[in-house]
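Using the hints, position chain B against chain A.
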Amino acid sequence: MDVERFQAFLDAVEPDRGATVLSAAPVPGGYSRDTVMAEVRWADGSSERFVLRGDPPIEGSVFRSDRAAEWAMLQAVKDLPDFRIPAPRYFDATGEYMGCPCIVSEAIDSTSMQKFLDTGPDLDKAREDFVAIMASAHNTPLESIDASIERPSDWREHLEDVIANFERMLEAAGEDDPILRYTLKKIRMNIPPEVPMTLVHGDLQPGNFLLSEGTDPYIIDWEFSRIGDPRLDIGYYLQIPMPPHLYHPDPETFLASYRALTGLTEEQINPAIARYFLLLGTSHLMLDIIQGSEDVTQGHHRGVMGTFLMTAYAHFHRLYLDYALDLPYTSEAHR
Amino acid sequence: MITRPSTSRVLEDVVEELTRDIMPSLTDPAQQIRLHMLMIVLNDCANASEREISVMRGEIPQYLGFASDVAAATGDPGVAAAVEAGQMGDSLVLSDVIDDYQRASRAFSTAMDLVMDTVNRDFIERGEDILRMRMDNERAILSGVAAVGRSAS
Numbered sequence: 001m002d003v004e005r006f007q008a009f010l011d012a013v014e015p016d017r018g019a020t021v022l023s024a025a026p027v028p029g030g031y032s033r034d035t036v037m038a039e040v041r042w043a044d045g046s047s048e049r050f051v052l053r054g055d056p057p058i059e060g061s062v063f064r065s066d067r068a069a070e071w072a073m074l075q076a077v078k079d080l081p082d083f084r085i086p087a088p089r090y091f092d093a094t095g096e097y098m099g100c101p102c103i104v105s106e107a108i109d110s111t112s113m114q115k116f117l118d119t120g121p122d123l124d125k126a127r128e129d130f131v132a133i134m135a136s137a138h139n140t141p142l143e144s145i146d147a148s149i150e151r152p153s154d155w156r157e158h159l160e161d162v163i164a165n166f167e168r169m170l171e172a173a174g175e176d177d178p179i180l181r182y183t184l185k186k187i188r189m190n191i192p193p194e195v196p197m198t199l200v201h202g203d204l205q206p207g208n209f210l211l212s213e214g215t216d217p218y219i220i221d222w223e224f225s226r227i228g229d230p231r232l233d234i235g236y237y238l239q240i241p242m243p244p245h246l247y248h249p250d251p252e253t254f255l256a257s258y259r260a261l262t263g264l265t266e267e268q269i270n271p272a273i274a275r276y277f278l279l280l281g282t283s284h285l286m287l288d289i290i291q292g293s294e295d296v297t298q299g300h301h302r303g304v305m306g307t308f309l310m311t312a313y314a315h316f317h318r319l320y321l322d323y324a325l326d327l328p329y330t331s332e333a334h335r
Numbered sequence: 001m002i003t004r005p006s007t008s009r010v011l012e013d014v015v016e017e018l019t020r021d022i023m024p025s026l027t028d029p030a031q032q033i034r035l036h037m038l039m040i041v042l043n044d045c046a047n048a049s050e051r052e053i054s055v056m057r058g059e060i061p062q063y064l065g066f067a068s069d070v071a072a073a074t075g076d077p078g079v080a081a082a083v084e085a086g087q088m089g090d091s092l093v094l095s096d097v098i099d100d101y102q103r104a105s106r107a108f109s110t111a112m113d114l115v116m117d118t119v120n121r122d123f124i125e126r127g128e129d130i131l132r133m134r135m136d137n138e139r140a141i142l143s144g145v146a147a148v149g150r151s152a153s
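Residue numbers (this note's numbering), protein chains in the order written: chain A, 1 to 335; chain B, 1 to 153.
This is chain A alone, in the form it adopts within the complex (with noise of 0.2 Å):
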């Protein structure tokens, strides 16, 4: 994803504007998605800066999705009135051009919720705003949705599949981690209540929100989206690590204000569901880094995240104990 390469892309897909590509930087810090900042100057006299997000090679990289279901999301969500994203411009969906599956979005300009907060801004505010952006998200009817997105049959389903990530683990660990066959056995005792399903983002924090002057926030990086349980949102917030937390000094509140504003009940969502969700909406992660693990165990390399992704395996095994130690042995008591 370098300038040569984005030039002879935007040749292809834009022959008659005679694109010339400036710049194409590296943006660091993404654990999951290569990304590169890029601009270009049009034959018109017109200068636009874009977004490009690709795959790393698979031999230095732990996180795995799917490109072309992230590029058919953005398309199905990118008119939608709830919420805005990057507008989605070009898919290089093969890496023909780019030397790896590739979509390009433009760039906005604008600061991440996450460096907002760390100006110190009034804390309740920046909570109802991100509960209200997080909820945007939720409250998209799903028929609004282009039905090329799959949609499970049933949540039931939805959820036994997403429970069966940890089966999963199990397989990738070898079937010998206490602690995940633990946490297994607990979340199966506590199914929570049934809700309606609905886009879930699968990545949703302050730092995948861009704020702009004069327009509605802006969701990114939407590559582990789905439709399915949205508390799978809420439970994954609960592990970002990153502060001032939105989440933990105030759990009534965030989740009284998240009720408002999507009509779930106090039995679909309180705070003891919130953390049996960090169990299910982290699990999509901890498959890739138990699985990166075992591939390293087995002698292939992943890159530097192979290895460093045991900080995060570690993080998660401690997560998942203290979380599922709390959850009781009888089906009762979600609160």
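If you're looking for bench data, these hints aren't it; they were derived computationally from the structure. All of these numbers come straight from a predicted model, not from anything done at the bench. Honestly, I wouldn't trust all of these hints.
What the hints assert, rightly or not - Pairs of lysine to any residue residues, derived as SDA-like cross-links and limited to a Cα-Cα distance of at most 25 Å, are as follows:
id, chain 1, residue 1, chain 2, residue 2
1, A, LYS185, B, ASP122
2, A, LYS185, B, GLU59
3, A, LYS185, B, GLU12
4, A, LYS185, B, LEU94
5, A, LYS185, B, MET116
6, A, LYS185, B, ARG132
7, A, LYS115, A, PRO196
8, A, LYS185, B, GLY65
9, A, LYS125, A, ALA260
10, A, LYS185, B, ARG20
Claimed, not checked - Looking from chain B toward chain A, a few residues come up when the C-beta cut is under 10 Å (computed):
id, residue
11, VAL15
12, LEU18
13, ASP21
14, ILE22
15, MET23
16, THR27
17, ASP28
18, ALA30
19, ARG34
20, VAL41
21, SER109
22, MET116
23, ILE124
24, ARG132
25, GLU138
26, ILE141
For every residue, glycine included, the Cβ atom is placed at its ideal position computed from N, Cα and C.
Okay, now just chain B, sitting in the frame of chain A:
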């Protein structure tokens, strides 16, 4: 066998060299982040090299003792078989100790599954204490989450 410096000390010294001389010479932020991540990995390896065999050899009797007591109390043949298969060998070679550890962990999990299924409170409490011990030992070796390079921009 050279024991001075120990493997852990060698790794710590490598990290010091990377910190003092290599890191400052890197101008590419992406490479700086990668090096920082690798230094965390090396520090964890230094920790692990110091005690991982000892930790595993210390935990194995806990797992087998628990599973053995569950087998005796319940008469469950599956747990008894897992205990039988999980007996620790004499070798202190790391790969052998790992094999022992995995077999003992499997015996523990087999027993824990049973007492959870039957909600045997006494054994559950004891098993959960063993899981906490395992986690404490893991925490002492691995540094835990470090959001190195996570961009806020």
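Status of the hints after comparison with the structure:
1. Restraint check: the Cα-Cα separation between LYS185(A) and ASP122(B) comes to about 18 Å, which is no more than 25 Å; the hinted pair holds.
2. Between LYS185(A) and GLU59(B), the direct Cα distance comes to roughly 22 Å. Compliance with the 25 Å bound is thereby established for this hinted pair.
3. Taking the CA atoms of LYS185(A) and GLU12(B), the gap is about 40 Å. The hint is violated against a cut of 25 Å.
4. Between LYS185(A) and LEU94(B) the CA atoms are separated by roughly 31 Å; this puts the pair beyond 25 Å, and the hint is violated.
5. Restraint check for LYS185(A) and MET116(B): the C-alpha separation of about 8 Å stays at or below 25 Å, so the hint holds.
6. For a cut-off of 25 Å, the pair hint linking LYS185(A) to ARG132(B) stands: about 16 Å separates their Cα positions.
7. Pair hint LYS115(A) plus PRO196(A) does not hold up; C-alpha atoms about 33 Å apart against a cutoff of 25 Å.
8. About 22 Å separates the Cα atoms of LYS185(A) and GLY65(B), which keeps this hinted pair within 25 Å; it holds.
9. Of the pairs offered as hints, the one joining LYS125(A) and ALA260(A) holds, with about 16 Å between alpha carbons and a cut-off of 25 Å not exceeded.
10. Straight-line distance between C-alpha atoms of LYS185(A) and ARG20(B) comes to about 48 Å, which puts the hinted pair past the 25 Å bound.
11. Checking VAL15(B) against chain A by beta carbon gives a least distance of about 14 Å; that is not within 10 Å, so the hint is violated.
12. With 10 Å as the threshold, the beta carbon of LEU18(B) stays out of range of chain A, its nearest partner Cβ sitting at about 13 Å, so the hint is violated.
13. Residue-level restraint check for ASP21(B) is violated (minimum Cβ-Cβ distance to chain A is 20 Å; threshold 10 Å).
14. Using the Cβ-Cβ criterion of 10 Å, the hint placing ILE22(B) at the interface with chain A is not satisfied: the shortest such distance is roughly 15 Å.
15. Because the closest C-beta pair between MET23(B) and chain A is about 14 Å apart, greater than 10 Å, the hint is violated.
16. At about 12 Å, the closest approach between the beta carbon of THR27(B) and any beta carbon in chain A exceeds 10 Å, and the interface hint on this residue is violated.
17. For ASP28(B), the suggested interface contact is upheld, since its CB lies about 8 Å from the closest CB of chain A, less than 10 Å.
18. Hint status for ALA30(B): holds, given a least beta-carbon distance of 4 Å to chain A, under 10 Å.
19. Look at ARG34(B): its Cβ gets to within about 5 Å of chain A, closer than 10 Å, so that hint holds up.
20. Given hint, VAL41(B) at the interface with chain A, holds; its Cβ is 5 Å from that chain's nearest Cβ, closer than 10 Å.
21. The restraint placing SER109(B) at the interface with chain A holds, with a minimum CB-CB distance near 5 Å, inside the 10 Å limit.
22. Given hint, MET116(B) at the interface with chain A, holds; its Cβ is 5 Å from that chain's nearest Cβ, closer than 10 Å.
23. Nearest Cβ of chain A to the Cβ of ILE124(B): about 7 Å, under the 10 Å cut. The hint holds.
24. With a cut of 10 Å, the hint placing ARG132(B) at the interface with chain A holds, because the nearest CB-to-CB distance is about 7 Å.
25. A least Cβ separation of about 6 Å between GLU138(B) and chain A falls short of the 10 Å threshold, and the interface hint therefore holds.
26. At a threshold of 10 Å, the smallest CB-CB gap from ILE141(B) to chain A is about 8 Å, leaving the interface hint in force.
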